[in-house]
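With chain A held as given, fit chains P and F onto it using these hints.
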Amino acid sequence: MDYSYTILILLTPVILFLLIGLLGDKIDKMHAGLLGTTGLFAITMLSYSTAFSYFSHGTVESFQSIEAFQIVWLQFTDNLIIHLGILLDPLSVMMLVVITTVSLMVHIYSLGYMKGEPGFSRYFAFLSLFTFSMLGLVVATNIFQMYLFWELVGVSSYLLIGFYYERPSAVAAAKKAFIVTRFADLGFLIGILLLSFYTNTFDFNTLTDVNGPAIAQPITNVFMGLSATTWAMLLIFMGGAGKSAMFPLHIWLPDAMEGPTPVSALIHAATMVVAGVYLVARLFPIYSFSSPDSLEVIAYVGSFTSLFAAVVACTQLDIKRVLAFSTLSQIGYMMVALGVSGYGGEAGLGYMASLFHLFTHAFFKALLFLGAGSVIHAVHSNLMTDMGGLKKYMPITHITFLIACLTIAGIPPLSGFFSKDEILVAAFEHNKIIFGVQWMVAGITAFYMFRLYFNIFWNNSPAYHHTPHESPATMTVPLVILAMLSISSGFVPFHEFVTSDGLPLTTEFHWMIAIPSVLVAMVGIGVAAVLYRNKNSRPESLALGMKSLYTLAYHKFYIDEVYLFITHKIIFGLISRPVAWFDRHIVDGILNLIGNTTVFFSGSIKKMQSGEVQWYIWYFTSGVLLLTLMILYFN
Amino acid sequence: MIMNPLLPLLFVPFLTIVGIALVKDISSVRWVSAVGMGTQLIFAFILLYLFYKERNAGNTDSMLFVSSTMWYESFNIHLKFGVDGISVAMILLTAIVTFAGIFASWQVEYLTKEFFISLIILAGGVFGFFISLDLFTMFLFYELAVIPMYLLIGIWGSGPKEYSAMKLTLMLMGGSALLLVGMLGIYFNSAPDGGQLTFDLTEIAKVHIPYAAQMFFFPFTFIGFGVLGALFPFHTWSPDGHASAPTAVSMLHAGVLMKLGGYGCFRVAMYLLPEAAHSLAWIFIILTGIGVVYGAFGAIWQKDLKYINAYSSVSHCGLVLFALLMMNETATTGAILQMISHGLMTALFFALIGMIYGRTHTRMINEMGGLMKVIPFLSVVYVIAGLASLGLPGLSGFVAEMTIFVGSFQHTDTFHRVATIVACSSIVITAVYILRVVGTLLLGPITNNHYLELKDAQWFEKISTVTLVTSIAIIGLTPFWISTLIHEPLAQMIQHLIP
Amino acid sequence: MNLQSEIPLDYIVVLSAVVFFVGLLGVVIRRNLISMLMGIELMLNAVNINFAAFNHYLFPNRLEGHFFALIVMAIAAAEAAIAIALIINIYRRFATVSVDDVDELKY
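Protein chains in written order, with my numbering: chain A, 15 to 649; chain P, 1469 to 1967; chain F, 9 to 115.
Do not take every clue at face value.
Claimed, not checked - 25 Å max Cα-Cα, derived BS3-like pairs, lysine-lysine:
| no. | chain 1 | residue 1 | chain 2 | residue 2 |
| --- | --- | --- | --- | --- |
| 1 | P | K1629 | P | K1771 |
| 2 | A | K620 | F | K114 |
| 3 | P | K1930 | A | K40 |
| 4 | P | K1923 | A | K43 |
| 5 | P | K1521 | P | K1629 |
Claimed, not checked - Computed footprint of chain A on chain P, listed as stretches where at least three residues anywhere in the stretch have a Cβ under 8 Å from a Cβ of chain A:
| no. | region |
| --- | --- |
| 6 | 1482–1490 |
| 7 | 1668–1679 |
Said to hold, decoys possible - Computed spacing ranges between beta-carbons, pair by pair:
| no. | chain 1 | residue 1 | chain 2 | residue 2 | range |
| --- | --- | --- | --- | --- | --- |
| 8 | P | L1652 | F | D18 | 13 to 23 Å |
| 9 | A | Q628 | F | V80 | 32 to 42 Å |
| 10 | A | L639 | P | V1675 | 20 to 30 Å |
| 11 | F | Y99 | A | L639 | 30 to 40 Å |
Keep in mind the hints are simulated off the structure, nothing from the lab.
From the three backbone atoms N, C-alpha and C, an ideal C-beta is built for every residue, glycine too.
Looking at chain A on its own, in the form it has when it is part of the complex (with noise of 0.2 Å):
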């Protein structure tokens, strides 16, 4: 089977950035929107067909990595090349699917959000350079490549957090996250050179190659008690927490939500925050056998992520944000499933729910922020206070979002409950406490997305100054293709096709679980349903009943006060304004002291220049003297 013709799906969204970038102005604003949308569509379908024809053709028993092309871009040493190429295997065709579902859905949607902004066409061609960066991405055949389509979906995200730029705190959102997630991706960086330096290699199928010299060769240098493979590895993971937004570097995520809606949807729910997921799935093997203690690091760290922001996300009053916590939430919830897990058979239950998880958050996350988007587009406005009564005005958007707020919080038969479900057992197998927070986050998680249901389309209305309409269709269709899928995408099989080792894994239903998990669910739509199904005093008084956890929690936990602090009283204050000040004082004034010295002297034997001739007389007959002197003398 070839799939050389998979390189159009890479180059097709960079000739549209090109043209659409460079032609934005020229052309018609509709017309911009409507090309890009429509090779989108394009590319979705050509993604649709290579997944059909990779996991028909694959063989009976696994799925074999292809190498679908490749060119050399830079060669470091003989052995360290970059190249440029696509791989397909399980794991990256399901990720074109998803993102090109999404992207199309997103760029549907914006035909109509975006509607009369005056960046339209600037903003689909960024969207065609997010969506170009995030497939190579994703069909990146060697490490370094990962990297620099990384980096590209860095500045993509960045492009498009600041795309209202002349809103500071748009800009300062923007510049956050780029600056948080590019320390990330320094610690990503060294990572690769470490890694590539004992393996000699940057390319995935060597890696993570059972045999290959990732793993079968274990690397002996111990540096500060854990090997240079554990440092390696747990670098890399560093840049993966900084794209996925892992506590401490979840920082970026609640202020990217200054981005257009649609744009939050694509990047900042469904798509480039699960590169930490497929960073760290991508080099499962390497982790799993070569670094089994940053696995463990990891759990932890996705473990408590989705516990913090889970909290967090039931305080938050805009919207946008509350999705963002529970954006964090999930992808905590991924990242545990990827700790726990082992590779291969049985043991690999945690790496398929992981990325089953990452599938269907995709979808029903998505949903969520294009739902929000269409509520933020009818009341302008992002805070749930001003908000109400919503049903009534907007019924898909309404019915649309409840589908998938029954999706996240995991009630069956709907997405989520299956990929929660599978993660939930596989936590239970390996680490009982991680279960139990998981488990209690689940309640948590139906709690806040409930309390944002209730508080937007249930409610006492507020005074609108206008009423709020339902969206138009351009921005309705998405939902419901979206609400379907969300609805749907739990009955693939997908233990079948993505898997630790390539094998099909056979899965059963795990009741013990099930219930607890569904129990605890229905018990967080309960508690919000009091409290929030109607104007009532009693959120107050529970604030106030738990004033310092809920101040706290309302704060984000004064995570961001800390950065504050180290970024501007630390590095600026303490190393920069003082680097600064000793450039300009000590370095430039030792040189200056210098010049002024010879200044200073020339002044002060300047006064032998008197203009009085006898003087230079005097000055010259004894100088003769004295030298006719030396010479007798020292003959």
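Leaving out everything else, chains P and F in the frame of chain A:
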């Protein structure tokens, strides 16, 4: 072969100067300069083509198109020219930056004729430097490039221009003095077994200069060139000099002249004195490592656009020397790539700063804001330059930096590892100051209502910026051709460096 | 008459040295430009004595020293003419011929 393709590189600037001297009005002066430097650019590409042709024809000499004329017999000084892949790359860089620089200074009104003459003398000096194979001629061209700088800054500069011009020239002259000592030291040790002393680079490379002499003269030579390459702590001419210099001079100076430093450090100091380079590398690795981070941190706190860029140049050029000192093929390839990349990038930055200054009459970032709205073309190009500077894949900075980091990481000892990681961390700090500038200067609301009347780029400004952006993108997208171009001579030189 | 046997070279050299230093002293301590010029003439003549004497005593068969002395005289004459012209101009400009008052060429 009809004619040595190196000769036009010297004749074209000369003829251009004669042409400028002959014509009368400002507009002809501009056009003569533009046509002259355009021709130079074409000749640079012809050279590249002929170079490839010669190589593909199987010519494996380390230097091609060598021509040598006895110039001053008693000291055995030759006018000796020749190029290898590195020189060809540097000549291309110089031709591109000069071409862009002419268009960036299209609006110089005061003493236009003299301005362009000085500018082209400077460029001619740089071209001569890169094709020289004789230490003495090399030094001659080096001085030829440095001296017009004084006039260009002192006469056409802004701000405390006399002070800056004096400071820059004196520091570079101080560097030259050190360099002269080092060069003469090499000359007088060039025939340790008796025989004819020589300034010829290729001849000296064949002899073994006594270790003691190497150790003595290496610091002179390296620091002498290092001053020009913004080696910490001899870099302070850079912020003041660049801040006062007129646009095209900043472009040429940061873009090309600073590369003379790196090129010289490698070709003269390290190549001719290899053992000393090995013994003393650690000192300079520490200095350049500090310089990389220090320059980046220094840039964060600056408010003047040119100062920001000058400090960022200190950081980036520090990385060039840092990589050269790593002394392996990958890292040095990265260093040359970084020279080219930084040359184009920083020239673009200075061109843009000049254009923005020409409109807003200030360079303080906190006095400006929201320029994206009013001058979108220049702003977008500025963002591209910024992204190239912070290492966006697809633009030249990424290729250069990654090659350097991968190369530097090939050393296994802790010292080199730590130094590399410290140098790596500069990519984060770079992001901080670049995004700070982009955020304050270009994005956000418009701070001054006068800005609403600003005009976007004119045609000559577009030529200037588009030339540079295209070059940056070409190198960033297809780095393989340039890395193969420079890899071959580097492999030979590294072979020579490794004892 | 044999000068050589009657007067040793040393005497003449001493004479020349004395004349030279008298001239030097005149140049250094006299403030009047005319007196300084006279001092210079004395120094030149001291040199001339040396030229003639050394030529005569050391290379009696050659004439370069004598010629040189003649050239010096010629130069001295020219120099005196120029110097006096300068002094006259200085007098017109500054209304003085004292060197102390003519120090325009200082730092």
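Hint check results:
no. : hint                           : result
1   : K1629(P) / K1771(P)            : holds, 19 Å
2   : K620(A) / K114(F)              : holds, 9 Å
3   : K1930(P) / K40(A)              : holds, 18 Å
4   : K1923(P) / K43(A)              : holds, 23 Å
5   : K1521(P) / K1629(P)            : violated, 46 Å
6   : 1482–1490                      : violated (count 0)
7   : 1668–1679                      : violated (count 0)
8   : L1652(P) / D18(F): 13 to 23 Å  : violated, 48 Å
9   : Q628(A) / V80(F): 32 to 42 Å   : violated, 23 Å
10  : L639(A) / V1675(P): 20 to 30 Å : violated, 49 Å
11  : Y99(F) / L639(A): 30 to 40 Å   : holds, 33 Å
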